[in-house]
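Engineer: Here's the letter readout for the chains.
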Amino acid sequence: MIFLILIYEFFQIGLFAAGGGLSTLPFLNALADKYEWLTSDMISQMVALSESTPGPLGINMATYAGYMAGYNTFGSPLLGVATAFTATASLVAPSFIVILIVAKMLDKYKNSALVNDAFSTLRPAVAGLIAAAAWSVISVTLFNFNASAFGGAFNLLEIALFAVMLVITNVKPLKKLHPLVFIAIAAAAGIVIGYTIGWGEA
Amino acid sequence: METTDKKRTEAAGRTPLIKLFLAFVRIGAFTFGGGYAMLPMLERECVEKGGWVTKEELLDYFAIGQCTPGVIAVNTATFIGKKERGFVGALVTTAGVVLPSFIIICILTALLANFAQLRPVKYALHGIRVAVGVLILNTVIKLVKEKIKDPLGYVLAAAAFLLIAVPSTFKLGFSISPVFVVIGAALIGIVRGLIRRGKAGERK
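Sequence order for the protein chains is A and B. Last residue of the first sequence: 202 (our numbering), numbering continuous. Last residue of the second sequence: 204 (our numbering), numbering continuous.
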């Protein structure tokens with residue numbers, strides 16, 4: 001029964017939550033209202049966990065909610081994994097199917113003038129969207145827009161680390177390193193700074 | 001450009017499934033923040049290392065992913081897998097990008113529910129967030145330098161950036177969906193194409 005509920009609910013979320021992972025959040029809130037196995041406390045726990053672990057947010061959240069459904073219904077971690085799988089697979093299925101269809105159409109019409117015209121302006125616009133995503137990450141980490149004093153508006157440690165990372169990701173011999181190396185370096189720097197100087201409010 | 005195209009056709013359909021799978025496992029395992037944060041990893045694994053797609057195609061997939069249901073990371077994985085090895089390839093890349101999340105979340109939920117509250121985790125994430133910003137910025141600079149070729153392109157990129165960034169930065173109380181930006185940009189391209197071809201037709 002719980003398996004069918006998860007398939008039904010998460011297929012729907014996968015079909016209607018377009019865009020980023022956080023767009024699944026309102027849907028998950030609705031699930032918490034409807035079923036006993038998910039509570040609003042678990043949802044805040046889920047968002048924190050999803051943001052602190054790698055991978056697409058939507059997938060992290062579906063796995064968490066699915067796990068809770070099985071664990072709280074049957075009291076077994078193993079069945080929790082089974083329901084987590086059901087929820088995640090159901091979330092992915094609609095976009096998987098839609099993309100296969102779109103890919104087929106794209107293949108068919110890739111030489112049409114209309115499609116090429118559309119993509120010729122889409123690419124710069126998407127570059128702008130990605131720039132906006134970069135800005136949202138950067139502005140949240142480097143600046144504090146709620147600070148009352150002007151000096152408090154800059155997170156100096158973060159700005160310093162940002163500058164260092166910007167240099168090491170752009171100088172000749174280091175530049176070719178895999179992005180995951182830079183992620184690891186920054187994580188290590190984050191831990192060292194946290195335990196020595198300390199990150200502001202953290 | 002010609003040589004990369006040649007390399008791609010030679011490689012097409014012959015990339016071992018396990019190679020595709022592992023590339024997407026790495027992408028899933030080392031992306032923090034999802035969606036656009038995945039771009040630097042996708043570019044390294046699929047454009048530079050694998051040669052499975054071009055940067056243009058990656059942008060096209062992001063544009064389509066913006067307007068289709070589901071998680072953008074999964075949409076892009078499905079696209080690249082399908083292009084390289086058909087249906088089975090799509091299954092393999094999608095499973096690959098999802099698998100690390102699935103395993104990590106199951107383990108942490110079962111064993112370490114307060115993971116996000118641990119101090120080393122918080123500190124590490126603080127650093128990681130800074131690095132994610134740097135990596136996306138580098139990718140954006142490269143994209144703008146290499147892929148925007150005409151004044152209209154610069155105008156559209158700037159407009160898309162401002163439409164999304166201004167309302168959220170200045171907390172204007174509204175936001176514009178990227179879907180409208182994508183649809184608007186596509187329409188402008190189509191209209192420009194019609195005008196150009198109309199002019200070319202007149203000259204004949």
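Just to be clear, a hint being listed does not mean it is correct.
Stated by the list, open to error - Simulated DEER-style distance windows between Cβ atoms:
| id | chain 1 | residue 1 | chain 2 | residue 2 | range |
| --- | --- | --- | --- | --- | --- |
| 1 | B | Arg119 | A | Met105 | 17 to 25 angstroms |
| 2 | B | Leu162 | A | Tyr8 | 34 to 42 angstroms |
| 3 | A | Tyr8 | B | Tyr154 | 28 to 36 angstroms |
| 4 | A | Tyr8 | B | Arg14 | 55 to 63 angstroms |
| 5 | A | Phe16 | B | Ile176 | 35 to 43 angstroms |
| 6 | A | Ile97 | B | Leu22 | 37 to 45 angstroms |
| 7 | A | Tyr8 | B | Ile176 | 54 to 62 angstroms |
What the hints assert, rightly or not - Calculated from the model, a selection of chain A residues having no Cβ within reach of chain B, i.e. all distances over 12 angstroms:
| id | residue |
| --- | --- |
| 8 | Ser40 |
| 9 | Gly66 |
| 10 | Ile183 |
Stated by the list, open to error - Taking lysine-lysine and the DSS-like style, the derived pairs with C-alpha atoms no more than 25 angstroms apart in a straight line are:
| id | chain 1 | residue 1 | chain 2 | residue 2 |
| --- | --- | --- | --- | --- |
| 11 | B | Lys199 | A | Lys176 |
| 12 | A | Lys175 | B | Lys199 |
| 13 | B | Lys149 | B | Lys199 |
Since the hints were derived computationally from the structure, they do not count as laboratory data. What you are looking at is a predicted structure, and each value in this text was computed from that prediction instead of being measured. Cβ atoms here follow ideal geometry from the backbone N, Cα and C, with glycine treated the same way.
Engineer: Indicate, hint by hint, whether the structure satisfies it.
Structural biologist: Hints and how they fare:
1. About 50 angstroms separates the C-beta atoms of Arg119 (chain B) and Met105 (chain A), a value inconsistent with the hinted range of 17 to 25 angstroms.
2. For the pair Leu162 (chain B) and Tyr8 (chain A), the supplied restraint of 34 to 42 angstroms holds, since their beta-carbon distance comes to about 41 angstroms.
3. Between Tyr8 (chain A) and Tyr154 (chain B) the beta carbon distance is about 47 angstroms. The supplied range of 28 to 36 angstroms is therefore violated.
4. Hint check: Tyr8 (chain A) to Arg14 (chain B), Cβ distance near 40 angstroms, so the stated range 55 to 63 angstroms is violated.
5. The hinted window of 35 to 43 angstroms between Phe16 (chain A) and Ile176 (chain B) is violated, with their beta carbons roughly 20 angstroms apart.
6. One distance hint, 37 to 45 angstroms for the beta-carbon pair Ile97 (chain A) and Leu22 (chain B), is violated here, with the actual separation near 25 angstroms.
7. Here the CB-CB span from Tyr8 (chain A) to Ile176 (chain B) is close to 32 angstroms, at odds with the stated 54 to 62 angstroms.
8. The Cβ of Ser40 (chain A) sits about 16 angstroms from the closest Cβ of chain B, beyond the 12 angstroms cut-off, so the non-interface label holds.
9. Annotated as non-interface, Gly66 (chain A) brings its C-beta within 12 angstroms of a C-beta of chain B; the closest such distance is 9 angstroms.
10. For Ile183 (chain A), the condition that its CB be more than 12 angstroms from all CB atoms of chain B is violated, with the nearest at approximately 5 angstroms.
11. Restraint check for Lys199 (chain B) and Lys176 (chain A): not satisfied, since their Cα atoms lie roughly 46 angstroms apart, outside the 25 angstroms limit.
12. Proximity of Lys175 (chain A) to Lys199 (chain B) is assessed by CA-CA distance (about 46 angstroms); at most 25 angstroms being required, the pair is judged violated.
13. A threshold of 25 angstroms between alpha carbons decides the hint, and for Lys149 (chain B) with Lys199 (chain B) the separation of about 21 angstroms falls inside it, so the pair holds.
Against the hints set out earlier in the document, violations occur for numbers 1, 3, 4, 5, 6, 7, 9, 10, 11 and 12.
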